[in-house]
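Novice: Spelled out from the first residue to the last, the chains are:
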Amino acid sequence: MNIIVCIKQVPDTETQIKIASDGKSIDQSDIKWVMNPYDEFGVEEALKIKEKFGGEVTVIGLGPKRVTESLRTALAMGADKAVLISDPALEGSDSIATAKALAAAIKGLEFDIIFTGQRGVDEDNGLVGAALAEFLDIPQFSIITKVEVAEDGKSVKVQRPVEGQTLVIESSLPALITAQKGLNEPRYASLPGIMKAKKKPLEEKTLADLGLDASEFGEGARKLQILELTPPPARQAGKIIDGDSPEAKAAELAKLLHEEAKVI
Amino acid sequence: MAQGVMAIAEQRDGELRKISYEVVSEARRLADALGQEVIAVLLGANVKDKAGELGQYGADKVIVAEDPRLDPYTTDAYTAVLAEVVKANDPAVLIMGASVQGKDLAGRLSARLGVGMAQDCTAFSIEDGNLVAVRPIYAGKAYAKVTFKDGYPQMATARPNVMAVNEPDSSRSAEIQEAAVTLDDAALKTKVVEVIRDESGKIDLTEADKIVSGGRGVKGPEGFKVLEDLAAVIGASVGASRSAVDAGWRDHTDQVGQTGKVVSPNLYIACGISGAIQHLAGMSTSKVIVAINKDPDAPIFQKSDYGVVDDLFKVLPPLTEEVKKYL
Chain B
806 MNIIVCIKQV PDTETQIKIA SDGKSIDQSD IKWVMNPYDE FGVEEALKIK EKFGGEVTVI
866 GLGPKRVTES LRTALAMGAD KAVLISDPAL EGSDSIATAK ALAAAIKGLE FDIIFTGQRG
926 VDEDNGLVGA ALAEFLDIPQ FSIITKVEVA EDGKSVKVQR PVEGQTLVIE SSLPALITAQ
986 KGLNEPRYAS LPGIMKAKKK PLEEKTLADL GLDASEFGEG ARKLQILELT PPPARQAGKI
1046 IDGDSPEAKA AELAKLLHEE AKVI
Chain S
463 MAQGVMAIAE QRDGELRKIS YEVVSEARRL ADALGQEVIA VLLGANVKDK AGELGQYGAD
523 KVIVAEDPRL DPYTTDAYTA VLAEVVKAND PAVLIMGASV QGKDLAGRLS ARLGVGMAQD
583 CTAFSIEDGN LVAVRPIYAG KAYAKVTFKD GYPQMATARP NVMAVNEPDS SRSAEIQEAA
643 VTLDDAALKT KVVEVIRDES GKIDLTEADK IVSGGRGVKG PEGFKVLEDL AAVIGASVGA
703 SRSAVDAGWR DHTDQVGQTG KVVSPNLYIA CGISGAIQHL AGMSTSKVIV AINKDPDAPI
763 FQKSDYGVVD DLFKVLPPLT EEVKKYL
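Taken in order, these protein sequences are the chains called B and S. So the first sequence is residues 806 to 1069, counted in our numbering. So the second sequence is residues 463 to 789, counted in our numbering.
Calculated directly from the structure, the hints in this document are not laboratory data. Since we're looking at a predicted model, the values are computed, not measured. Treat the hints with care, since some could be wrong.
Unchecked claim - Beyond 12 Å from chain B on every Cβ pair, some chain S residues (computed):
hint, residue
1, Arg474
2, Gly476
3, Asp494
4, Asp522
5, Asp552
6, Gly591
7, Val627
8, Glu629
9, Pro630
10, Glu640
11, Leu645
12, Asp666
13, Arg678
14, Pro683
15, Ile762
Claimed, not checked - Straight-line alpha carbon distances no greater than 25 Å define the calculated PhoX-like cross-link-like pairs of lysine-lysine that follow:
hint, chain 1, residue 1, chain 2, residue 2
16, S, Lys512, B, Lys1060
17, B, Lys1028, S, Lys611
18, S, Lys749, S, Lys607
19, S, Lys749, B, Lys823
20, B, Lys823, S, Lys723
21, S, Lys607, B, Lys1028
22, B, Lys1001, B, Lys886
23, S, Lys723, B, Lys951
24, B, Lys1060, S, Lys756
25, S, Lys549, B, Lys1028
26, S, Lys756, S, Lys681
27, S, Lys756, S, Lys687
28, S, Lys480, S, Lys681
29, B, Lys1067, B, Lys1044
30, S, Lys672, B, Lys951
31, B, Lys912, S, Lys651
32, B, Lys837, B, Lys1003
33, B, Lys823, S, Lys607
34, S, Lys607, B, Lys829
35, S, Lys549, B, Lys1060
36, B, Lys837, S, Lys723
37, S, Lys787, S, Lys749
38, S, Lys664, B, Lys951
39, S, Lys653, B, Lys951
40, B, Lys1060, S, Lys787
Glycine residues also receive a C-beta, built at the ideal position from the N, C-alpha and C atoms.
Produce the entire structure from the sequences given, and follow the hints as far as they go.
Specialist: Set out below in structure tokens:
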């Protein structure tokens, strides 16, 4: 079984986001970069499938050189090799362009399953997985909490929670799966894993290496243009409810929710 | 020239979902700004009798595509049919719900059509004839205002519970048009083999009107009982912070926050939640926020409309009794 996991590097979720001076991007100083949390579930699931069926796990990242750190983390978890798509022309690319570059890198590889996170916890688009599956002309399963590969390795059955119900869906392979919390508990990279990761192959590719035209990428090629980034609307701290006892506070709160906020 | 605002309605088991009224109502406002018509699209197995209702919310025309293979939803069947409907009608704007289904479909469809798509938007407007959308990013730690370049339709999904629903006008009716569905069985690679229903009747957090949420202060899975009791009385869903989920007290589907669900209820009651930045990000678009926490310095109080500094186990039972008086 050959499994590919696409990895995005994102600001750690504890990061306080600051708007850069151009008003259209975020200030990247003081950011701790980590592997997108949803991608960790993808790496873990890929490793589990490999443990059962054998084969190889390839992780692919896209972006500046620092993305190498996240790829190395996946290698330390147990992935076999990594590819970094890195090119100055990629800077500012939107999700469709990102998927296009990933598809070009993946087309030359053999694969049965591709994992991506269900969304990046930065731009929150949840679009790259679907677009990548479309460009590779394979089915996609998004927001998946259970994956069962058939014994013969030819098909897959997944569970997909949709508001109020869970769909059990089947398809032949290859297919793309976007990973959701609940799929598994990602393992930590062990110290021997970290040592081994340093020796595992990590290939770097530019857009030209992938036979892609740089003009289709970057800020200028965005189909979705960012006009402005703003901080979230300010929320003032409200009323602290006084009362001599928890019961009195509860009564006052219920009254305010009914009379003032009109939500009860 | 691309014309009209297309709104994709959503149904489950033949019943229109609330998000359908939200997107059709919003499509009406955008179409009025453009001076164009609203085309609603409804896909499913036996759904034609529901189509007329969308006219009351603002659709001028409803295109209905019926086929047994369109129920339940699959990405490949819906994308195939919708790509044809879009090409045949050439809309200027296309909106659908940022539901689990809508987000999945919009991603695939935008890639197939080769157009830009703004996911999970909280506001739309028309500027210079183009769709402008506001979307929270980093789970709401920043807001991006975006617009489109190159190609139609200008596509976006609308966050559930945010767009105002028009008052239905029973004197309004829409022209119903049946779409010819051509689905190639060989191209349909995925098959739904089972539908496991959540029989609890619990409303998913992303669609809930009210949420009672618990964190570390709830102290354990049993502690959620007092939250469940209040939720049952006011018709709320129960959510949880990441620490409560990671401790195994609640299922991961209950998690609210940057790595969980982003929610927009009318009322969010945070119990024993200190208010980590990731949690605040996930619930900041709630309309009314209440915090109940023993620690007066908990950051959640800075984001709350109403705060009660006290032990949640002492406040929630009387609160449950008190709210009954108003129901």
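Novice: Next, verify each hint and record whether it holds.
Specialist: Each hint tested on the structure:
no. : hint                   : result
1   : Arg474                 : violated (8 Å)
2   : Gly476                 : holds (14 Å)
3   : Asp494                 : holds (22 Å)
4   : Asp522                 : holds (27 Å)
5   : Asp552                 : holds (17 Å)
6   : Gly591                 : holds (15 Å)
7   : Val627                 : holds (17 Å)
8   : Glu629                 : holds (18 Å)
9   : Pro630                 : holds (22 Å)
10  : Glu640                 : holds (26 Å)
11  : Leu645                 : holds (15 Å)
12  : Asp666                 : violated (4 Å)
13  : Arg678                 : holds (16 Å)
14  : Pro683                 : holds (17 Å)
15  : Ile762                 : violated (10 Å)
16  : S/Lys512 to B/Lys1060  : violated (40 Å)
17  : B/Lys1028 to S/Lys611  : holds (5 Å)
18  : S/Lys749 to S/Lys607   : holds (21 Å)
19  : S/Lys749 to B/Lys823   : holds (24 Å)
20  : B/Lys823 to S/Lys723   : holds (23 Å)
21  : S/Lys607 to B/Lys1028  : holds (14 Å)
22  : B/Lys1001 to B/Lys886  : holds (11 Å)
23  : S/Lys723 to B/Lys951   : holds (18 Å)
24  : B/Lys1060 to S/Lys756  : holds (21 Å)
25  : S/Lys549 to B/Lys1028  : holds (19 Å)
26  : S/Lys756 to S/Lys681   : holds (13 Å)
27  : S/Lys756 to S/Lys687   : holds (18 Å)
28  : S/Lys480 to S/Lys681   : violated (35 Å)
29  : B/Lys1067 to B/Lys1044 : holds (15 Å)
30  : S/Lys672 to B/Lys951   : violated (29 Å)
31  : B/Lys912 to S/Lys651   : holds (20 Å)
32  : B/Lys837 to B/Lys1003  : holds (21 Å)
33  : B/Lys823 to S/Lys607   : holds (16 Å)
34  : S/Lys607 to B/Lys829   : holds (9 Å)
35  : S/Lys549 to B/Lys1060  : violated (54 Å)
36  : B/Lys837 to S/Lys723   : holds (23 Å)
37  : S/Lys787 to S/Lys749   : holds (23 Å)
38  : S/Lys664 to B/Lys951   : holds (21 Å)
39  : S/Lys653 to B/Lys951   : holds (16 Å)
40  : B/Lys1060 to S/Lys787  : holds (9 Å)
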